[in-house]
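Residues per chain, in single letters:
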Amino acid sequence: MNKAMDSKTLEHHLMTDPDPRNPDVVDVAKSDETCAAVLRDSQAFEAQLMDALKIPSRAGLAQDIMAKQQETSRRPELPWMLATAAAVTLTIGVVATQFLPDSNAHHHADSDVWVHLAQHWEHDGAQVLNASQATQSQTADVEQLLIGLGVEADPDLLAQVSLGKICPTPEGDGAHLVLNSDDGPITLIIMPKTQTLSAPSAKIMSDGQEAWLVALEHGSMAVIADPDRNAFEIARQLRQQVSVDGTLAL
Amino acid sequence: MPVMFGKFDRKKRFDTLARLYSDDLFRFGVWLCGDRTLADDLVQETFIRAWKALDSLKDVNAAKSWLITILRREYARTFERKVPPLVNIDDVIGLEQPDESPEQRLEKAHFRERIMRLEPKYREPLMLQTLMGMAISEIAESLELTESAVMTRVFRARAQLKERQQKEDRLESRATHE
Chain F
0 MNKAMDSKTL EHHLMTDPDP RNPDVVDVAK SDETCAAVLR DSQAFEAQLM DALKIPSRAG
60 LAQDIMAKQQ ETSRRPELPW MLATAAAVTL TIGVVATQFL PDSNAHHHAD SDVWVHLAQH
120 WEHDGAQVLN ASQATQSQTA DVEQLLIGLG VEADPDLLAQ VSLGKICPTP EGDGAHLVLN
180 SDDGPITLII MPKTQTLSAP SAKIMSDGQE AWLVALEHGS MAVIADPDRN AFEIARQLRQ
240 QVSVDGTLAL
Chain P
0 MPVMFGKFDR KKRFDTLARL YSDDLFRFGV WLCGDRTLAD DLVQETFIRA WKALDSLKDV
60 NAAKSWLITI LRREYARTFE RKVPPLVNID DVIGLEQPDE SPEQRLEKAH FRERIMRLEP
120 KYREPLMLQT LMGMAISEIA ESLELTESAV MTRVFRARAQ LKERQQKEDR LESRATHE
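The listed protein sequences correspond, in order, to chains F and P.
The first sequence begins at 0 in numbering that gives the first Met the number 0 and counts up one residue at a time.
The second sequence begins at 0 in numbering that gives the first Met the number 0 and counts up one residue at a time.
The hints are simulated quantities; they were obtained by calculation from the structure and are not laboratory data.
Quick caveat: nothing in here was measured; it's all calculated off a predicted structure.
Yeah, the Cβ is synthetic: ideal placement off N, Cα and C, and Gly gets one too.
Treat the hints with care, as some may be off.
Per label pair, the in silico range of CB-to-CB distance [what the hints assert, rightly or not]: (1) 58(F) - 103(P): 21 to 29 Å; (2) 122(F) - 68(P): 40 to 48 Å; (3) 143(P) - 49(F): 24 to 32 Å; (4) 20(F) - 19(P): 19 to 27 Å; (5) 109(P) - 11(F): 21 to 29 Å; (6) 40(F) - 19(P): 27 to 35 Å; (7) 143(P) - 147(F): 23 to 31 Å; (8) 174(P) - 30(F): 38 to 46 Å.
Could you build the full structure based on these sequences and the hints that come with them?
Here's what the structure looks like:
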């Protein structure tokens with residue numbers, strides 16, 4: 000390869016990969032003055048290019064993004080906060096260990112769901128909880144189960160599922176999941192086709208477990224846990240990790 | 000109440016990404032669409048989508064490519080809704096370095112015009128390589144091209160910029176002599 004070809008090859012290379020720290024580039028520039036000139040020209044061009052490209056960004060953009068994210072995360076919580084007082088009142092009102100359906104006409108649809116959940120819980124709630132101690136569902140299987148129901152769950156949530164199964168809901172199939180947490184298991188029942196009122200409501204189940212029924216954008220879910228577990232807060236967090244494909248759920 | 004499902008880490012990861020990449024994504028967005036306001040919206044929307052899908056980002060080293068992919072998709076959606084007007088890039092650059100001489104500003108403005116006149120298929124990989132510091136292989140993955148196609152495009156982008164610069168220099172020199 001002659002000298003002219005060397006510098007041409009280098010020029011071609013630098014127009015594709017202008018990194019001047021490349022050892023081959025450094026070597027050839029050291030050994031040949033024509034190549035050294037080619038490298039200097041390339042570096043001058045790249046500096047000019049970078050200078051032109053590096054337009055000023057907008058001050059405070061990152062801070063605005065972080066603030067907007069917090070605002071977006073908080074927004075769905077507002078109805079929760081407004082509903083909390085009513086829901087807590089409802090919980091306090093239910094002192095009996097036996098589940099009683101809500102007689103409020105405005106919550107008629109929800110009371111139907113509560114009746115179903117109570118029967119469901121009595122039927123196999125404790126049994127599934129016990130089974131989850133001995134059985135471990137595969138994350139991929141749980142994900143597939145949920146996909147089949149048009150449900151999408153965050154990977155963090157999926158990773159916590161110790162047992163998942165299909166279950167009946169007031170309208171079609173749903174998912175009955177047991178989640179592992181440091182403080183014990185939590186039951187999550189996702190009802191993709193069962194729409195409830197937007198305000199969360201709470202009941203004490205027949206065995207003393209606290210249950211929250213929560214509307215999703217499409218469908219609904221129930222979270223059932225020991226009364227000292229703050230199931231409301233758990234449900235609030237889980238709600239952000241579950242979504243139902245509205246088109247599939249119709 | 001224990002922190003569940005790594006929510007705190009998720010927020011920290013997100014904030015780190017916003018601090019690290021928002022400015023570069025904004026610059027990339029401006030060069031992509033030629034509009035500071037639209038670029039600002041694009042970057043904010045990109046991060047909202049990134050927040051929702053953050054758990055799918057398994058490799059932190061791939062964060063930049065991942066964000067660029069989200070931004071490009073978002074821009075494609077915007078483009079489907081309305082065609083952004085053709086603009087002179089220098090009109091949307093905004094504040095300049097105060098210590099630059101008028102000649103330097105003019106030279107930079109000409110250079111920017113030449114960049115903006117590049118066809119998007121040449122300009123975009125050049126932006127990714129120069130502005131975003133991406134390797135050829137990363138650009139190829141982001142743009143769904145072969146590596147050799149990316150190499151050809153960044154080569155042609157530079158070749159066209161140099162060619163236009165030389166042509167303008169010749170015209171300027173001729174005008175000075177006349």
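Evaluation of the provided hints:
In this structure, residue 58(F) and residue 103(P) meet the distance hint of 21 to 29 Å, their C-beta atoms being roughly 23 Å apart. Taken as a hint, the range 40 to 48 Å holds for the pair residue 122(F) and residue 68(P), whose Cβ atoms sit roughly 46 Å apart. Between residue 143(P) and residue 49(F) the Cβ separation comes to about 26 Å, which falls inside the hinted range of 24 to 32 Å. The hinted window of 19 to 27 Å between residue 20(F) and residue 19(P) holds, with their beta carbons roughly 22 Å apart.
The hint said 21 to 29 Å for the Cβ distance between residue 109(P) and residue 11(F), and at roughly 25 Å that hint holds. Range check, residue 40(F) to residue 19(P): about 32 Å between beta-carbon atoms, so the 27 to 35 Å window is met. In this structure the hint that residue 143(P) and residue 147(F) lie 23 to 31 Å apart at CB holds, the actual value being about 30 Å. Hint check: residue 174(P) to residue 30(F), Cβ distance near 41 Å, so the stated range 38 to 46 Å holds.
In the structure shown, no violation is registered for any of the earlier numbered hints.
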